[in-house]
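Participant: Read off the chains here:
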Amino acid sequence: MRNVAAGSAFLGATRLSNANLIILLSTISTGLILGAIFSLVAVGVTIVYGSIWMPNAANGQFFVLAALFGWTITVSWGIHPAIAAVLVIGLSVPLSYALEFILIRRFYDVPNRNISYFVLSLGITQILAGIFAFTYGRWSDQFQLPPLIGGITFIGPLPVANNRLLVLALALAILAALFALLRFHRYGRGIRAVFQNRDAAALRGVNVKASYSLSFALGNAVIFAGGILFALAYSFDLTVAWTMSITAFAIMIIGGPGSVLGALIVGMVFGFTQAAVSTVASPTIAAFSYLAAMLLILLFKPSGLFAR
Amino acid sequence: MMSIRSQVCAVTWAAALLLSTGIVSAQDKPPVKIGFVTELTGAWSFFGTSCVAGLKFAEKQINPPGKRRIEFVIADDQTSPAQAVAASRSLDVQDKVLALSGPTSSDTGLAVYGYAEQNKVPFVVPVAAFPQLTKPGSRYTFRLEPDAVGWGYAISKFVEKQKPGGTIALIYSDYALMRAITAGLKYQAPLSGLKIVADIAFPQGSNDATVQAAQVLAAAPDYVVVIGAGGFDNTITNQLLDLGIRPNQLIHPFGLTTQVMNWGKRSVGSYYGTFFDSNLDALTADGKSFVEQFVAQYDCPPAYGENFCYVTANVIREVIDKNPEAADDREKFRDGMSALKTKETTSNIPIEFDKNGARKEYIYIMQLTDVVAKSYKAKQTFYTEWDPEVIPVYTLVK
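Going down the list, the protein sequences come from chains A and B.
With the working numbering applied, the first sequence corresponds to residues 1 to 308, in that order.
With the working numbering applied, the second sequence corresponds to residues 309 to 706, in that order.
If you're looking for bench data, these hints aren't it; they were derived computationally from the structure.
Simulated pairs of lysine to any residue, SDA-like, Cα-Cα distance not exceeding 25 Å:
| id | chain 1 | residue 1 | chain 2 | residue 2 |
| --- | --- | --- | --- | --- |
| 1 | B | 341 | B | 639 |
| 2 | B | 682 | A | 83 |
| 3 | B | 469 | B | 692 |
| 4 | B | 685 | A | 147 |
| 5 | B | 682 | A | 135 |
| 6 | B | 503 | A | 20 |
| 7 | B | 573 | A | 147 |
| 8 | B | 682 | A | 76 |
| 9 | B | 341 | B | 427 |
| 10 | B | 685 | A | 150 |
| 11 | B | 503 | A | 284 |
Could you put together the complete structure from these sequences and hints?
Facilitator: As structure tokens, then:
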């Protein structure tokens, strides 16, 4: 529901123009920030799915785990949020390798393992959700991290918190680094080769099992990066896990399962769509718009826009 | 003939004997069991555990030696209405509790309400604000928290006093609680001579409000009523402030301790509604002691949720003290609740219920004056009481 009297009686023509410009610029800035974070999470999910065929339903819980770790490190331990961000992303690597060693690798040679993985990740989701509700959920109903930096920058008439600009810059930098890694580095090329055909990759000398482990750790690190950056830009609560999980899956399906480029582009489009639809229609319609878009696209291109 | 001294002695002994017999008799009786169905796990676990924290403080205090013990049998409803009904049934049938209490969510509260009314079990609701919990015809339910539609009514009254003919922007999450508050506000605003210039609802799970904050800014309201759910409440608040809305334009219909702390220093000057606050002018000695003990144990001041659960235990004690036979008879306990005219032990606010079990309602509007490491300061700027049906509460929200 939205009913804004944009032209309030005592707004002069200049202010009204400024007001519309502020709305336009805020739509763009929101689209960029949300899009970058959506892309990060969707790319993380896609890397894992493309490599080991694991539709990781627990991605939302991993996302929140990163945010909660960040909250503990900054608010409870008093450590600077920049250091906290590095620690959280770093922590995802041993956690991922441990999870991969204990659970994930047992399914590598199971036929139709994507179903097994999906059920497994649902189990992980339930366990993590229960742990969060029993611990953090009892301490607070909302969480907020201190900003990376203070101050406001004016983009035209729109004031934007420097903290949000920095979060946007970091998210775009991580996406760019990830893209470069997958495109130009030999490990990245190895991962992409496994994406395309694991038997052929093995014949070309790629260590497929090591590539699986690396993909799982890399994908989760990117999801963790999304989680901590989100927590630095927004207040959050435990329900964000479900929203993010559905969004990431929708992006991956539209982009084409296993397509990193698809996840990146569709993630950005999602961010802008949400911001734009909530401006011209309402936030409620915006929330459903991308799901409607997903159904529409799948109707005409069931394999996704950038399917390999 | 007994001397005067001997007579006094005899009377004293007799009185002591009678009293001790009474004590023994009260202590010998089994404790009065109250079923406390609340949210210890699930999405609402923060509110359930906060409520139990308040209850535990009261439980020690309401059971002094010599009085029949009141025991709260706590059951987790997992923030699930179905589980709340199952727990209520178990407490009723197996534990044979005198009454039910405990929910802090309107959803679980409504589930227990259905069970209680159908099975004629008295139900004392500590913290749940959905109006239909005391809809006309309710007989066994008594609610301590004012209904949410009334909060909206009271905020209109506040703005009317602050700025006659003022304008209001509404920005809120689309949950039942928020819809109820805004329904009351939208009903009362024109009657109070106020104009609503923006009305923006967010679906559940929203993350960002920058664009909507810009729309609110464009509408140039005198006040912005912000009611986000969970972490989104703080996101909306920050984004409004980022865009240049002043703190003293912001009104939050309710403020729990975690919320106020998260709004932080930049929100100093903003207003929030509450039903109990550690900064109230009229805290009683018991209220001050409650706050001090709570801070000592939890390192933060209690808010209205903890207070309502603390007060609930005291209310039950008072009803049983005034009507000892009500301790073993649900109908008499219900009658005792219905006839109750008392005051909150922590703030002296009157407690009495109308024919449907709705409380005579009230709200404080506080203005935030400082936020420090683990506490905050606020000053009381407005207080009002009203009859639950001063506006058509039960038709505005069904």
